[in-house]
Amino acid sequence: MTYSIDICQNNGNLLAAGGDDSEIKIFDKRESKIVKTFGGIHDRELFFNDLGFISFVWWLRKN
Amino acid sequence: MTYNSRRGLLGAISVQDKITYHLFSIGYSGKTGNYSVKLLRKSKWQKQGGYDDNEEGFSLFFKCKIICPLHEDNPITGLDFNPTGEFAATIDKFGTCLVSDMNTARTTCRMNFNSISINLLTPPSYSRTYYLDDFARCKWSTNIGEPLLFIKYGHCRLLVSDVEKKTLLFNQPFRLDNIGNCLLIIMVSISRPVNSFPVLLSLILYLPTQR
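Chain order of the listed sequences is A and B.
Position in the first sequence (from 1) plus 140 gives the number in this note's numbering.
Position in the second sequence (from 1) plus 4 gives the number in this note's numbering.
Keep in mind that a hint or two might mislead.
Here are the computed lysine-lysine pairs in the BS3-like style, where the Cα-Cα straight-line distance is at most 25 Å [said to hold, decoys possible]:
hint : chain 1 : residue 1 : chain 2 : residue 2
1    : B       : 48        : B       : 22
2    : B       : 169       : A       : 173
3    : B       : 22        : B       : 46
4    : B       : 170       : A       : 173
5    : A       : 202       : A       : 176
Taking beta-carbon pairs under 10 Å as the criterion, some of the chain B residues facing chain A (in silico) [claimed, not checked]:
hint : residue
6    : 144
7    : 154
8    : 159
9    : 178
10   : 180
I should point out that these hints are in silico values taken from the structure, not numbers from a laboratory.
C-beta atoms are modelled at their ideal positions from N, C-alpha and C, and glycine is treated no differently.
Bound conformation, chain B alone:
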């Protein structure tokens, strides 16, 4: 969900494969003293995800689908309007970022980042909740007139893109997280005597991450 106070526009509620986001206008009526919300547009679903566009992406998608069924989905995980309310940026779970004109809904820029890698298998995330935030996010710079988009992908990698020049500010993504490796911990109950705590067998696997 995102809101542009300058134009009173709210973007929310993505419906996978159908609607990228619903665009609402929020206005205040001084006469009635109430706010009014009007649905302006259901922004058509843009073809997201690189997995059906190139072989590498498809291979990645296929591997992830086998390993974790959750990867069948490719929802929008990030949505933001720029400060002037002229452009919308969306990013999906697989790291495909689209910038579109708010008035025409025409896509002006498309970038692909591999947001998912084999080392994302961190069961604690999935055992708790299926967080979309794990994957990719995009945020516009709040400096007026600065067409910069901050993109977080691959769990902790950060890039800044100039969407007008279609260039990246850094050659390499910046790591926001110092954790270079992760542990895959599988806990299995091997016995459960009455009136006592279960005995757990912990299997710890070391998964080096890509740098």
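Just chain A, with the same shape it has in the complex:
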């Protein structure tokens, strides 16, 4: 399940998504696929472990 999405402030083709699988995925609209996955953000050891999901992703603007 994906909880949070955000669009890159510098490149509107890129979307970041995070959710239950503890990974942040970067989706590129031009290629229609996930171009990068960042894993190992949280450890997930047990069911119902609240640390095991990503509830919020947010791009920072690069000036």
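For this one, chain A is given, so just place chain B on it according to the hints.
Using the frame of chain A, we list chain B on its own:
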């Protein structure tokens, strides 16, 4: 909540069945060195949700209402302003997405996605907190002049819509999540002896998801 820095507009605080969002103007006064916040408009609640517009939607709503009382509500789960601050996009829990003109509040585009399906019954979410983020979100492309709206619905499905042409970029929604199936786990305490851990009976149900 969303903010458009170009026009200094903040959209926030939806009140179900009454106000889609409150529109605030945020300005900075160089003389006083303070920010000022002014309420510009209470955007009138637009008829959301497909459940009272078509039979299929109503059936879905009815089933969900029986299964989980939380589905009686249909709040706004996503709100975003486009980069120029001309259009606002909202999406509700049932996946109805409305695009409206910020100046006139007139709805210019309406799209329906079935955001809720029977396989959303994942009790861990409800046992922890009632997350609105589970359902549907919408975000504008940050490329200026590109009228594209990214729509996440059905928990992990992604579509990109051109709101001017009223077309979708992909024929099929893209799955952001690799988890194709979910487990429904019910844990029941069957005994609780003094000074010992309770013995739990776990019942695991396998719920295949729609693809």
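Status of each hint after checking the structure:
1. B:48 <-> B:22: 6 Å, holds
2. B:169 <-> A:173: Within the cut-off at roughly 23 Å; holds.
3. B:22 <-> B:46: 9 Å, holds
4. B:170 <-> A:173: At roughly 22 Å apart (the allowed maximum being 25 Å), residue 173 of chain A and residue 170 of chain B satisfy the hint.
5. A:202 <-> A:176: 19 Å, holds
6. 144: 7 Å, holds
7. 154: For residue 154 of chain B, the interface hint holds, since the closest Cβ of chain A sits about 6 Å away, which is under 10 Å.
8. 159: 5 Å, holds
9. 178: 7 Å, holds
10. 180: 5 Å, holds
Of the numbered hints listed earlier, not one is contradicted by the structure.
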